[in-house]
Amino acid sequence: MYVQRDKNGNIKLLSRDSSPDCSEYLSPDSPEIALFLGKQVAYQEGDRLRQSDLEFVRVLEDVIEVLMDKGVISFTDLPDAAREKLMTRQNLRRRVNDVGLMDDSDSDVI
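The opening residue of the sequence shown carries number 1 in UniProt numbering; numbering runs sequentially from there.
If you are wondering where the hints come from, they were derived from the structure by calculation, not from laboratory data.
Hints may be right or wrong, so weigh each one.
Unchecked claim - Keeping only pairs whose Cα atoms sit at most 25 Å apart, straight-line, the calculated DSS-like set for lysine-lysine is:
#1 K85 with K70
#2 K39 with K12
#3 K39 with K85
Claimed, not checked - Simulated DEER-style distance windows between Cβ atoms:
#4 P28 with L54: 47 to 57 Å
#5 N10 with R48: 17 to 27 Å
#6 M87 with A34: 45 to 55 Å
#7 S15 with L49: 26 to 36 Å
#8 D17 with K39: 14 to 24 Å
#9 L49 with Y25: 26 to 36 Å
#10 R48 with E24: 45 to 55 Å
Glycine included, each C-beta is placed from N, C-alpha and C at the ideal position.
Let the sequences and hints guide you as you build the complete structure.
Shown next as structure tokens:
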């Protein structure tokens, strides 16, 4: 495997073939390559988790709204911090939707 290193000597790029960017050869079973690949997988999984968190926030907003609409909970039942965050997100969403920056067609409640 061929690698490119950053200014600190850490692997920055990995390639099966030698290229102007990746010219240093390391054995495929090198601990450095294993570490680099492990970090890459962890980074990708972290990105997927963050994206899932963002999508799940919308689900939680919708669930809270449904529970309030059905009278199961009241807005005042929520802790102060939760009420502030919910109001902030609702205001932001309303402003974004008002200027047409966000398609809210996927707002069906599950």
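Which numbered hints are broken by the structure, listed smallest first?
-> Checked against the structure, the hints that fail are numbers 3, 4 and 10, while the rest are satisfied.
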